[in-house]
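Kindly produce the complete structure, drawing on both the sequences and the hints.
Each protein sequence line maps, in turn, to chains A and B.
Quick note on this note's numbering: the first sequence kicks off at 1 and runs consecutively.
Quick note on this note's numbering: the second sequence kicks off at 1 and runs consecutively.
Since the hints were derived computationally from the structure, they do not count as laboratory data.
Keeping only pairs whose Cα atoms sit at most 20 angstroms apart, straight-line, the calculated EDC-like set for lysine to aspartate or glutamate is:
id	chain 1	residue 1	chain 2	residue 2
1	A	K201	A	E157
2	A	K172	B	E275
3	A	K172	B	E266
4	A	K201	B	E315
Label pairs and their calculated CB-CB ranges:
id	chain 1	residue 1	chain 2	residue 2	range
5	A	M1	B	A330	48 to 56 angstroms
6	A	M1	B	P271	21 to 29 angstroms
7	A	P56	B	L239	29 to 37 angstroms
8	B	A330	A	G94	49 to 57 angstroms
9	A	Y140	B	A202	54 to 62 angstroms
10	B	E275	A	V215	14 to 22 angstroms
11	A	R118	B	P393	44 to 52 angstroms
If you're wondering where the values come from, they're calculated on a predicted model, not measured in any experiment.
Glycine is no exception: its CB is placed at the ideal position from the N, C-alpha and C atoms.
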Amino acid sequence: MVQVLLVEDDAAIRTALTRALRDQGHVVSAVGSGMPALSAAVEQKPDVVLLDLGLPDIDGADVLSMLRAVSDVPVIVATARDDESSMVRLLDLGADDYVIKPFTAAQITARIRAVMRRTGRTDEDPVITVGGLTIDTRSYEVTVDGRPVELARREFELLLALARRAGEVVTKRDLLSEVWQLAWGGSDRTVDVHLSWLRRKLGETAAAPRYLHSVRGVGVRLAAPTDPV
Amino acid sequence: MRRRILLLVVGMTTLVVLAFAIPLAVLIRHTVYADALTSLRTDTSKIGLYLRSADAAKTSDDITSYLASISDGRRVSVQLPDGSVLGTSPPGDVAELPDASGGSGEPDGGPGFGGRGGPPDAALVSWQGGRLSQLVVPEPSFRGGFYVVRVFASDGELHSGENGWWLLLSGAALALLAIGVLAGEVMTRRIVRPLVETAATAQQLSAGDTTARAPTDGPGEVADVGHALNRLADRIDELIAEERETVADLSHRLRTPLTALRLDAEALRDPTEAERVGGHVSALERMLTAVIHAARRPQREGRMPSCDASAVVAERVAFWSALADDQNRACTLTRPPAPLLVRAGAEDLAAALDALLENVIAHTPEGTAFAVSLTPTPTGARLEISDDGPGLPRSEPVRGRSDRGSSGLGLDIARRCAESAGGAMHLGSSATGGAAIVLDLGAP
Numbered sequence: 001m002v003q004v005l006l007v008e009d010d011a012a013i014r015t016a017l018t019r020a021l022r023d024q025g026h027v028v029s030a031v032g033s034g035m036p037a038l039s040a041a042v043e044q045k046p047d048v049v050l051l052d053l054g055l056p057d058i059d060g061a062d063v064l065s066m067l068r069a070v071s072d073v074p075v076i077v078a079t080a081r082d083d084e085s086s087m088v089r090l091l092d093l094g095a096d097d098y099v100i101k102p103f104t105a106a107q108i109t110a111r112i113r114a115v116m117r118r119t120g121r122t123d124e125d126p127v128i129t130v131g132g133l134t135i136d137t138r139s140y141e142v143t144v145d146g147r148p149v150e151l152a153r154r155e156f157e158l159l160l161a162l163a164r165r166a167g168e169v170v171t172k173r174d175l176l177s178e179v180w181q182l183a184w185g186g187s188d189r190t191v192d193v194h195l196s197w198l199r200r201k202l203g204e205t206a207a208a209p210r211y212l213h214s215v216r217g218v219g220v221r222l223a224a225p226t227d228p229v
Numbered sequence: 001m002r003r004r005i006l007l008l009v010v011g012m013t014t015l016v017v018l019a020f021a022i023p024l025a026v027l028i029r030h031t032v033y034a035d036a037l038t039s040l041r042t043d044t045s046k047i048g049l050y051l052r053s054a055d056a057a058k059t060s061d062d063i064t065s066y067l068a069s070i071s072d073g074r075r076v077s078v079q080l081p082d083g084s085v086l087g088t089s090p091p092g093d094v095a096e097l098p099d100a101s102g103g104s105g106e107p108d109g110g111p112g113f114g115g116r117g118g119p120p121d122a123a124l125v126s127w128q129g130g131r132l133s134q135l136v137v138p139e140p141s142f143r144g145g146f147y148v149v150r151v152f153a154s155d156g157e158l159h160s161g162e163n164g165w166w167l168l169l170s171g172a173a174l175a176l177l178a179i180g181v182l183a184g185e186v187m188t189r190r191i192v193r194p195l196v197e198t199a200a201t202a203q204q205l206s207a208g209d210t211t212a213r214a215p216t217d218g219p220g221e222v223a224d225v226g227h228a229l230n231r232l233a234d235r236i237d238e239l240i241a242e243e244r245e246t247v248a249d250l251s252h253r254l255r256t257p258l259t260a261l262r263l264d265a266e267a268l269r270d271p272t273e274a275e276r277v278g279g280h281v282s283a284l285e286r287m288l289t290a291v292i293h294a295a296r297r298p299q300r301e302g303r304m305p306s307c308d309a310s311a312v313v314a315e316r317v318a319f320w321s322a323l324a325d326d327q328n329r330a331c332t333l334t335r336p337p338a339p340l341l342v343r344a345g346a347e348d349l350a351a352a353l354d355a356l357l358e359n360v361i362a363h364t365p366e367g368t369a370f371a372v373s374l375t376p377t378p379t380g381a382r383l384e385i386s387d388d389g390p391g392l393p394r395s396e397p398v399r400g401r402s403d404r405g406s407s408g409l410g411l412d413i414a415r416r417c418a419e420s421a422g423g424a425m426h427l428g429s430s431a432t433g434g435a436a437i438v439l440d441l442g443a444p
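Written out as structure tokens, the structure reads:
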């Protein structure tokens, strides 16, 4: 259970997101402008703040700066702008992560989880082990049978998404949503090509899988080599 | 304009030359004629003095040779007291001539030597299409006889001295005209060249090249036009940039209600309905992203994007090779080793190639080989993606047109890339009957 402070001026998003996050077991308090957000952040001491940039009273970026002056609570910024310069600016201002609109509740949950993990505010074990595969979620290090594996960011996120649900078949749709932030868009081939790279780097092939098993028509399952396929 | 300025210069110069030349010509004609008449009378008097000089008796031969020396092409004659004539008589019947001592025949001067010893004074009359100078000289021996000296020049001879002047005058007029034309041509060039360049700039601007700028080094007024056009081009640039920024900004704002829509779609109880509405939201989102992408393109890639197609193709084919290997697809890449520049941003070209490779993988069975070849052409480059699959369906709305995720906007992305690079996309068949898609890309 994570206590989330949602700062969002759009009532429709606020209501929908509050409901979605509560459904996932989070405690949500929602405010619609900057000043109440600052006082709530100080008084309620939330575990994470989800901050929308377009606020009616104070600019979201200013709220972020002010918040950083008084608290080190993890902040995820929700923004409509996806250009690199605005991202860099937000991260420089002290945001821990960002999510680009339009997002899904699943993406927000994944971001919250990732931020909590990175900032060490979770009970979850930072190291996930599946057979000989270990994934350190803090240092972004992956080893297979003790051998380090260099992964690109997307590949790491893909592996992590699968590892966190090890043994389960994860649909490509879920992966697109969680890793690529493309809920209904995107192409299965995008997942396929990254899976191929992941296989190469883990030292296996589609024909002779060890950890990554494609389940035709359904999705992908990550399992230890000894697990029954 | 050049022709008109030249015509104006020629016209003005001609007018000025005429304004001076006509009075000058009248003056010359008058002066030359007057000089000729004076010479006629002077020569008549000279002959008179010669005849009158009493130094020695003159034989007919003496007189004849003296007349020849003084004639200068005119008819010079002396009528002796006995009535015989030496030299060349004037035309016509001299008997009809008025008496040299006066009477009819419009004597211009005095009648002759009055025996006073003064200078001989010839009389001038108009005679037979010319002028005749006549002088009566008494015999030096005072025998009572008279010589009659006659010098005749036709009008043509009287005016013959003008020819040289005419030549000089027309030479000077022509020279002035030539100088005028030359100066006009130089001046015209100075005015016309920047004007022509300014017009070319305006054409470039209207053709969409907003980087074109006019020269500002001509004459003041033309330079002003250049400056004004350049300011206009700058302003167009600003307006386009502002417009694009507005579009991007509006599209960004649309993402907020879209988020609410997406969250609500997710919350729908019926999963089929949730997926259907979610699909619509995703389609809307993709279009919005495409709009923002297009609006921001110049900011991202500059106004004239270009990239090394060879490097982009190599990089993307390498990226897809992992999946190709997994699916046992043989993948052949042909590309020039040297950089091959094309008029497309690296990101756009990569997206186009990704879409086409993704189509091959999505629409051909596993194990189907495909080939990517990049070759230079006179106009830029040709990128061909061919496969050994079943080939393209016959109807035009070819695969990849669906807006439902799987192959994205496939061919549309590729077509847009080729067209914005000044080329085109062609669909065809490969040697093995599979699909072959050719993108012609222009050089930057």
